[in-house]
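Let's have the full structure, built from the sequences with the hints guiding it.
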Amino acid sequence: MNNKKILQVKNLKVTYKSLLEEVEAVAGVNIDLYAGEALAIVGESGSGKSTVAYALMGLHNRKHVTVEGEVMYNGRNILENSTSQWQDLRGKEISMIFQNPMSSLTPYLTIGKQVMEPILRHTLKSTDEARKEAVSLLKEVEIGDTEKSYHSYPHQFSGGMKQRVMIASAVSAEPKILIADEPSTALDVIIQAKVLKLMKKELVKRGMTLIFITHDLSVVAGLCDRVVVMYQGKIIETAPVKKLFAEPEHEYTKKLLSAVPRVDKKVDRLMMNEQTRSRDDSVESIKSSSSNETIISFKDLHVEFEKRNGIFSSHKEITKAVNGVSLDLYKGEVLGLVGQSGSGKSTLIRSIAGLVKSKSGSIYYDNKDVLPANQKELRAIRRKIQMIFQDPYGSLNPRFVAGRIIAEPLINYGLMSGKDAYKKVRELMELVQLDPDWINRYPHEFSGGQRQRISIARALALEPEILLCDEPVSALDVLIQTDVLNLLKEIRSRMNLTMLFVSHDLAVVRYVADRVAVMKMGKIVELKTADDIYAKAEHPYTQQLLDAIPIPDPSVEQKRIRC
Amino acid sequence: MSDNLPEWKAAYVPEGEIWKYTEQHFIFNNGTDPETLDPHLMTGLPEMRLAEALFEGLVTYDPADLTPRPGVAKSWKVSENGLVYTFYLREDAKWSDGKEVTSHDFLSAWKRGLSPINRYINLFFPIAGAENYSKGKRTDFNEVGIYARDPHTLEVVLHAPCPYFLDLVAFPTYYPVRVDLIEKFQEKWTRPENIIGNGPFVLKEWSPREQILFEKNPYYWDRDFVKLELITALPISDLNTAYKLFQDDKLHWMPALPVSRIEELKRNPDYYVYPMLGNYFYRFNVTKPPFDDSRVRKAFCLATDRVEICKELLKGGEQPSSHFCPPVAGYKPIEGLKHDIVTARKLLAAAGYGKDKKEFPKMEISYNTSEGHKMIAEAISQQWKQNLGVDVGTRNMEWKVYLDNQNNLDYAISRSSWIGDYADPFTFFSIFRTDDGNNRTGWSCREYDELLDTVSVTLNRKERNNLFKKLEHLLVEQECPVLPIYDYVNKGLIKESVLGWETNIRDVHPLKYIWRE
Amino acid sequence: MGRYLLRRLIFVPIILFILITITFFLVRMAPGGPFSSERELPPGVEEALTKKYNLDGSLSSQYGRYLVGLLQGDLGPSLKQKDFSVNEIISNHLPPSILLGITALLISLFAGVVAGLVSASKSNSMLDYSTMAFAVIGISLPVFVFGPLLQTLFSRVFHILPVSGYKGISLHLILPAVTLGLPFAARFARLTRAGMLEVLSEDFITTARSKGLTERTIVLRHALKGALLPVVSFLGPAIASITTGSLVVEKIFNIPGLGREFVESALNRDYFMIMGTVIVYGTLIIVCNLAVDIVYGFLDPRVGNEN
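Heads up: the sequence lines are chains U, X and F, in that order.
Counting from 1, position 245 in the first sequence corresponds to residue 245 in our numbering; the numbering is continuous, with no gaps.
Counting from 1, position 197 in the second sequence corresponds to residue 197 in our numbering; the numbering is continuous, with no gaps.
Counting from 1, position 6 in the third sequence corresponds to residue 6 in our numbering; the numbering is continuous, with no gaps.
It is possible that part of the hints are untrue.
[To be verified] Quick partial rundown of chain F residues pointing at chain X, CB under 7 angstroms, derived from the structure:
(1) Arg28
(2) Pro31
(3) Pro42
(4) Gln151
(5) Arg156
(6) Thr206
(7) Ala266
By construction, these hints were calculated from the structure, which means they are not laboratory data.
Given the structure is predicted, the values throughout are model-derived calculations rather than measurements.
Ideal Cβ positions, reconstructed from N, Cα and C, are used throughout, including at glycine.
Structure follows, in structure tokens:
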């Protein structure tokens with residue numbers, strides 16, 4: 001990093017116009033970007049961080065978006081660019097990687113063609129040269145069998161591979177600045193670590209300047225030099241990364257930092273601000289009380305999925321999603337289940353609720369095998385075992401009001417109706433810290449975190465013994481994630497629930513779980529108490545998972561990733 | 001044949017360019033593709049128009065007054081008692097392959113015509129022994145009254161006098177055909193490459209749904225009279241399209257007009273309209289109430305304003321009619337039941353329907369799907385509502401379903417029409433004989449049947465016509481199983497340059513006589 | 001893809017067999033018969049015709065005889081067009097139908113896709129609105145209005161195109177093909193526009209823009225294939241209705257096509273002709289849908305490549 005300013009953003013304002021209203025998404029932002037540095041722009045969703053990035057690339061649709069202010073690059077204000085000047089700049093001077101690798105590559109073009117496109121567009125190289133370069137770029141981003149991959153289509157690649165292709169394509173015309181907009185958020189921890197490592201390698205190799213946009217401070221710690229914190233379209237704090245983590249100035253920054261779960265430390269409660277602290281006192285005394293009484297027991301459970309190639313094909317592909325799992329869940333404990341996507345963790349908990357059919361093995365609940373259960377028995381079991389899903393929007397019926405959604409299990413089981421149900425719903429809403437007066441609002445009127453609270457309220461309506469949580473916070477911003485996690489912890493203590501908590505995020509699991517089971521390819525490879533698994537991980541896969549998790553402390557994290 | 005082609009024609013035909021015409025090229029719209037060119041299988045006017053070009057019977061008819069004219073027979077003789085017809089065939093009558101046309105050709109053709117694949121088989125029935133032979137009661141054709149006395153003399157013996165027999169002999173079902181060809185080529189014998197006729201023209205090309213081409217037959221006995229060199233028959237069913245072609249001079253005659261444009265077409269100098277031997281009427285189902293009561297039928301007839309239908313709705317010169325048989329062969333129809341609402345109401349009340357009495361049952365006018373039929377049915381239903389206070393609905397149905405229902409007496413009122421086969425009122429009145437297949441009303445009247453028997457043996461024209469008037473009286477004034485609405489007219493467009501084209505009540509226009517100026 | 005294709009092909013005769021069987025019995029159940037007419041048949045004639053056309057005996061034995069004939073490639077006689085066999089009628093009238101259908105399809109595809117692309121690229125402009133308004137008119141304007149309108153305009157007023165007739169590949173084909181294609185062009189235009197707008201809002205288009213590609217390259221290379229997928233999906237049903245729905249156009253322009261035989265044979269209870277046209281159209285539609293699936297797989301690498 002030197003002191004040469006490569007890009008200067010001066011009083012940038014971005015306004016979205018629609019027929020009804022104008023929304024100022026970015027309200028006067030000033031950023032100096034120094035050549036060679038890695039600058040993070042951090043904020044929750046809606047803070048305007050991506051809007052800034054789009055403005056730097058001129059990607060806003062000028063019909064609906066007004067961009068004001070100055071962005072000085074190479075001595076001129078690029079906001080005054082003509083369409084063709086923007087086209088000359090994009091990819092050549094400034095390049096960008098997007099959040100969702102699954103949808104950011106054109107499905108109809110081969111990988112190779114997409115990687116070489118910027119080369120052909122911005123350099124004078126021939127098609128042959130561009131092709132050679134694309135192949136070597138693919139090799140550089142560690143895509144195996146480059147010749148074959150060159151001719152592959154995006155759908156044949158995994159998310160991590162796609163994001164590496166995105167990197168290769170973004171750097172192919174040697175841009176000076178790379179903007180990465182949440183490049184690893186949609187990826188698994190292990191893949192995330194690899195992608196970030198690769199990105200850092202490319203940055204150093206090519207001497208590029210990085211603007212890294214994220215909501216995840218833990219990722220920033222190891223990657224960036226300076227951090228800009230945005231909140232509601234404004235920059236509220238700019239500081240070198242170490243200073244920001246050590247002595248955050250702004251209240252919001254402090255809150256953000258306190259919300260990040262850490263894998264390397266045991267934390268009893270995240271984000272202890274004034275409001276939650278006062279509520280907390282009442283439950284603080286109730287310690288998590290796990291006993292040795294088994295409530296659910298998996299015995300050599302196997303779940304297989306068949307995929308036929310066609311209706312009349314005899315050829316079947318069998319996926320062993322759960323491949324011989326034996327596991328005991330004790331009454332009152334929180335058991336965390338971690339693993340990469342595809343490890344079978346979701347299938348495992350769905351098999352308890354009878355949502356997937358098991359091939360062999362048994363699941364005992366209250367010492368009774370539930371797998372041979374008939375519909376009626378299953379119904380009785382489901383009353384005691386409730387589930388919360390990842391997508392808080394998809395799992396709520398958009399045509400029902402919140403009250404109806406929460407009351408539904410009560411009505412379904414014929415337990416309550418009319419006034420009693422209404423009273424119960426209001427109680428439940430209070431329990432999950434929702435304003436009971438919102439009982440008649442529809443799901444779309446709630447935020448993501450609030451919607452997840454509705455799911456939780458619905459799950460609690462029947463006063464279950466066991467709560468199955470399938471990635472309940474992975475779709476949420478960090479602050480809201482922490483809110484929901486705190487809520488779950490509190491409810492668990494209050495209602496003496498047993499929880500099976502599935503997540504790919506070890507830091508989250510560490511925060512809520514008493515014991516942690518690590519799953520890989522349908523098998524449980526390690527099972528330890530939460531503290532032990534972090535301190536004394538034995539299985540190399542557990543170790544790998546742990547290593548991949550970024551730690552929100554630059555002093556620790558920057559030692560871990562070596563380039 | 002093609003060696004003799006005039007140069008212009010040789011140049012024209014291979015291109016198949018129908019628009020390029022010369023003086024003696026006549027193009028007309030036949031409206032549809034013929035179902036067949038086999039005279040014994042054909043049933044419709046479009047087929048018969050073409051058959052007239054390809055074949056010639058013993059007798060033909062005058063294009064203007066329809067009186068018999070010599071055809072293959074140069075002359076004929078009828079016996080005193082009207083039972084024996086002797087036809088003298090001309091020596092120069094030839095088939096289009098040059099072979100002579102002899103009395104034996106007629107013999108074998110008529111023998112084929114008497115097999116039950118011929119829907120007009122009953123036109124042979126005046127001939128002695130023909131009916132029994134056709135029904136298999138007799139198997140020896142020699143017992144049928146058809147005798148080839150020598151190659152140029154044909155004698156026909158009838159079982160009873162038939163005043164319109166010569167009309168029948170001019171009909172396509174009496175045409176000679178080459179039975180040897182039919183045996184050889186089966187149903188493919190009518191193809192241009194196979195067919196051999198004895199008419200003024202030969203088949204040059206038959207492209208289904210595109211066009212049919214005829215050219216002059218060099219072997220035809222009266223070839224010097226025939227002026228047309230080439231004839232194109234187009235099968236255009238979209239009459240607006242045909243009209244556009246007519247306007248562009250690419251069509252010389254269109255015998256059917258787009259009804260929706262009748263007002264505009266009437267102003268065209270090429271427009272023609274004249275009466276036709278056909279009528280439009282409603283059948284009543286007399287087997288079921290309320291139309292089992294002749295008073296009700298009569299009331300409905302009296303309550304119908306045909307003048308309004310013709311003048312306000314059809315506007316094409318159709319004649320409102322309260323008779324069943326149009327004027328033909330000296331027959332002048334009687335008055336019939338005129339529009340008279342007062343009497344109509346009285347009759348309906350007498351039948352027990354009206355205020356304080358029985359409620360008139362719900363019923364419908366059935367018609368086959370068509371804009372025109374719909375329009376008329378709705379107008380008449382409206383008139384009945386207004387004049388009689390009865391609600392009669394209308395119901396359209398697919399052609400075949402409509403026929404089925406009519407045949408099975410599964411209707412209350414059914415739209416109908418009838419076209420005369422020959423120029424004699426008998427072709428109209430005979431269909432209402434008890435249990436006649438074309439009766440389709442369930443109506444039966446002994447007096448009527450007896451009158452029909454009498455008329456069929458009466459030769460005197462005047463006497464015949466008096467008998468027909470009695471039949472008409474029973475049919476449309478007394479018993480009323482039918483409600484006549486109007487007599488058909490022929491409407492069309494013909495270019496002024498077309499000569500030899502005459503109007504007549506049967507809408508037949510032998511191509512032989514036509515030429516262009 | 002190859003094995004998938006083979007599997008689909010095996011089903012063609014099975015589907016056809018079911019189609020033939022259902023049609024055979026359904027048609028016989030319809031009221032009225034092939035020989036009924038406004039004039040009563042003389043006694044004996046109906047029996048003679050029934051025997052002549054092999055319509056005697058029980059329905060199942062007739063069905064058996066029909067299948068035997070069919071296996072030998074004999075579609076039977078036409079009961080209405082008495083001088084021709086069904087085989088002859090189909091071989092006479094299928095080529096004009098196919099030529100007309102293909103021409104109409106090509107015209108409508110070209111016009112529709114171009115209009116849709118122009119509309120999408122200038123979305124919410126006057127050009128877009130007027131193109132789409134025209135498309136709505138095209139969908140709702142009946143053929144029997146549009147056809148005569150074109151005839152009047154181009155033959156009667158300008159005298160540049162013939163009113164009617166069929167001469168193979170010639171000027172005669174233009175008006176009927178345009179008439180037949182118009183409603184489909186309109187649908188293609190709407191589908192293309194909607195498809196293009198949807199694709200243009202996808203993430204990968206933003207990626208393509210961030211590479212500095214020109215709008216033209218983005219539309220042609222990155223968006224077009226995806227935008228055309230709904231168009232391709234509609235091609236199957238479009239081919240089916242273009243080939244079977246040409247009745248009115250054939251009438252207006254006097255084209256000797258099979259569309260009229262298809263409809264009129266049913267109205268006339270021309271039993272063998274109905275069967276013949278159903279078999280031809282059935283085969284045509286099955287084959288076209290197969291072809292459309294293949295094209296789809298070709299356009300979208302995600303389809304059919306899994307195995």
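Have a go at the F:Arg28 hint: is there a Cβ in chain X nearer than 7 angstroms to its own Cβ?
violated (13 angstroms)
Mind checking the CB of F:Arg156 against every CB in chain X and telling me if the closest is under 7 angstroms?
Holds, about 6 angstroms.
Does F:Pro31 hold up as a contact with chain X if the rule is Cβ-Cβ below 7 angstroms?
Where the cut-off is 7 angstroms and the nearest Cβ of chain X is about 5 angstroms from F:Pro31, the hint holds.
Is the shortest C-beta separation between F:Ala266 and chain X less than 7 angstroms?
violated (9 angstroms)
If you take the shortest Cβ to Cβ gap from F:Pro42 to chain X, is it below 7 angstroms?
Because about 5 angstroms separates F:Pro42 from the closest Cβ in chain X, which is inside the 7 angstroms limit, the hint holds.
Should the interface hint for F:Gln151 be scored as holding, given a Cβ-Cβ cut-off of 7 angstroms against chain X?
holds (6 angstroms)
Let's test the interface hint: is any C-beta of chain X closer than 7 angstroms to that of F:Thr206?
For F:Thr206, the interface hint is violated, since the closest Cβ of chain X sits about 54 angstroms away, which is over 7 angstroms.
Of the numbered hints given earlier, the model fails hints 1, 6 and 7; all others are met.
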